[in-house]
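> Spelled out, the chains give:
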Amino acid sequence: MSKKTYIQAITDALRLELGSDEKTLVFGEDVGKNGGVFRATDGLQAEFGEDRVFDTPLAESGIGGLSIGLALEGFRPIPEIQFLGFIFETLDSIAGQMSRERFRTGGTRHMPITIRSPYGGGTHTPEMHADSLEGYLAQIPGLRVVTPSNPYDAKGLLISSIRNNDPVFFLENLKLYRSMKADIPDEAYTVPLDKANVVREGTDISLIAYSAQVNQSLKVAEKLEKEGISVEVVDLRTLSPLDEETILKSVQKTGRAVAIQEAQRQAGIAANVASLIAEKGTLYLSAPVGRVYAPDTVYPFGLAEDDWLPAEDEIEAKTREILNY
Amino acid sequence: MDNEKPIVDFGAIRDALGKDFEPVQVMDGQAKVIKPEIVSKYSNEQLVEFFKLMLWERTLHQRSNALTRQGRLGFYAPTEGQEASEMGSNSAMKKTDVLMPAYRDIPQLIQHGLPVYKAFLWSRGHVLGNEYPEDFHAMPPQIIIGAQYVQAAGVALGIKKNGTKDKVAYTYTGDGGTSQGDFYEGMNFAGAFQAPAVFIVQNNGYAISVPRRKQTAAKTLAQKAVAAGIPSVQVDGMDFLAVYEVTKAAREYAAAGNGPVMIETLTYRFGPHTNAGDDPKRYRTKDEEQPWFDNDPLIRYRKYLTDQGVWSEDQENEYVEQVKEDIKAAVKQADEAPKQKMTEFLGNVFEEQPQNIQQQITEFQAKESK
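In the order they appear, the protein sequences are chains W and U. Quick note: to get this note's numbering, add 3 to the position in the first sequence (first position is 1). Counting from 1, position 290 in the second sequence corresponds to residue 282 in this note's numbering; the numbering is continuous, with no gaps.
It is possible that some hints are incorrect.
[Said to hold, decoys possible] Pairs of lysine-lysine residues, derived as DSBU-like cross-links and limited to a Cα-Cα distance of at most 35 Å, are as follows:
| hint | chain 1 | residue 1 | chain 2 | residue 2 |
| --- | --- | --- | --- | --- |
| 1 | U | Lys362 | W | Lys198 |
| 2 | U | Lys159 | W | Lys36 |
| 3 | U | Lys320 | W | Lys283 |
| 4 | U | Lys157 | W | Lys36 |
| 5 | U | Lys333 | U | Lys362 |
| 6 | U | Lys240 | W | Lys26 |
| 7 | U | Lys333 | W | Lys252 |
| 8 | W | Lys26 | U | Lys159 |
| 9 | W | Lys198 | U | Lys87 |
| 10 | W | Lys283 | U | Lys362 |
| 11 | U | Lys159 | W | Lys283 |
| 12 | U | Lys331 | U | Lys320 |
| 13 | W | Lys256 | U | Lys359 |
[Claimed, not checked] Covered stretches of chain W (chain U as the covering partner; in silico rule of three or more C-beta atoms under 8 Å from a C-beta of chain U):
| hint | segment |
| --- | --- |
| 14 | 103 to 115 |
| 15 | 201 to 208 |
| 16 | 212 to 219 |
These aren't lab readings, by the way, just hints derived from the structure by calculation. Only a predicted model underlies this, so the values are computations on that prediction, with no experimental measurement involved. Glycine is no exception: its CB is placed at the ideal position from the N, C-alpha and C atoms.
All chains should be built: construct the whole structure from the sequences, respecting the hints.
In structure tokens form, the structure reads like this:
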């Protein structure tokens, strides 16, 4: 066991998988000698060599195509897109190509690719760095979208993603990179894909969240506990496809739910959670499903982030509203 | 001061661009041998085999055209006129090379090893047409123009990393495709990694209705490889031997570890872009088309072989009949493909089924068992 930050946990996972599977390759813009713009790949090129960990020209679409071609030659690519806002440059390689490959070849070819990319607000990044674009990705058949909320999950989910034989989009929250430390095992371990995690048990209401909003939800749960309100917090972990069983089981128990995201109301995946509950859990409900989200504007200018991003008080207010409905 | 010469003469630089690219030719449109040293490398029997490849492609085109009209094929992009470009380049490759084709490159796929009935199933829209055995080194035809180029760079890098000797990735696009970002990114990545790839541009004059001159101010498409720092060449795409020799040289250069190569073949599409309603009469004149029709890649080779006394009309008829029989059998085999099932589709999305897929498989199992 060692105390690790979220980003150290990610580096750990990459190091272990590079060490145990010689077909794994880490590549992207500045991931080699520089060790990544956030140090996620720090020391990996020195340890495993330039053949396994290497820089690419500055072209996201090329990186996507490179991943597909390498996968066809038997490799297990772990490319990085420097910021999630840059995926539009390579959306064809993700949505139009690698996610379809197993299907379009009748299962005769597959794409064991894990795309890592940081995102998320609260650190005053420039334009197109912090946007929550998981909603786009969640609509792509054949692609898993995974995002951890803590260091333990970051390592275990990344190892599972790399070992999975289908494409996984692995989203890393910028604000979480160094904001928390946790004791995690030093050796390789996995956290299952396609499985949500009940991170706090409760009986009065379910807060269904992911990424940075899981910690916000936990803080709200602690606060309300002092008033005798029992809040269950569900960390989705895999955003697409959703773990419907865990969500519905929680709502069946509590009868009330709030779906929470950092993305705008018209984006993200909270609407998918709400519609799932409406379709399959209506009779469990004592109140409508609440949602917490950002306004339907373009991601804000840095100085306006604090006013724009959904904060704890908004989660608390929405939770109280649904409890008192 | 006004008369002072500017520090840079951009006009002179522009006029010089593309001057290094003169199309390679072995035999001209009148079957006159330009490079006898190339022709003499091959026996008459070998030249007949080359001609048969083009005749096979022409026959496949004619039958595919007819089958499309009868509703027995679906999507079809005609290849007539491009036989020298397609067969000349493809036959210079080895079976172990990885072919990344675009949607017009079906004849290359078949010559590389795809059974004709599978090509027909691809045309109709059946997954069996895309199920390739592992030892068939190719991908199904790419619809997104340019995507095959960035992917070919990846395959080539994979070949290099695997240390596989004497193996290249090769890919095709058209003249319009050279305007795509992925076209440049693919060549540039392969160049930066010095990966064994051969990038082929079949310049057939048109991207649907848009003529080549509207794609770019560049005098040649071959010169676009200069931007990637890789060698390139323009070749008479109606001249089988020229395309064959150039591609063979490109393959050898790339396979030897020298990095990628780009080839532009100058060819012409005799018919429409696809059989889905495109009519070249809307955007081409007879005056423009006729010289190209007269430059048919089959005409010059047929004339040459006939003059040599190694090819006759009877031989041609016999061969065409045999190809037609093969195609007839392939259509029959395609007809026998089982109806596609949603449960099988669902099972091909992921290796391990998430809940949504499991649920939908159960739903469709109930429907399919009725």
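> Which hint numbers doesn't this structure obey?
3, 9, 11, 15, 16
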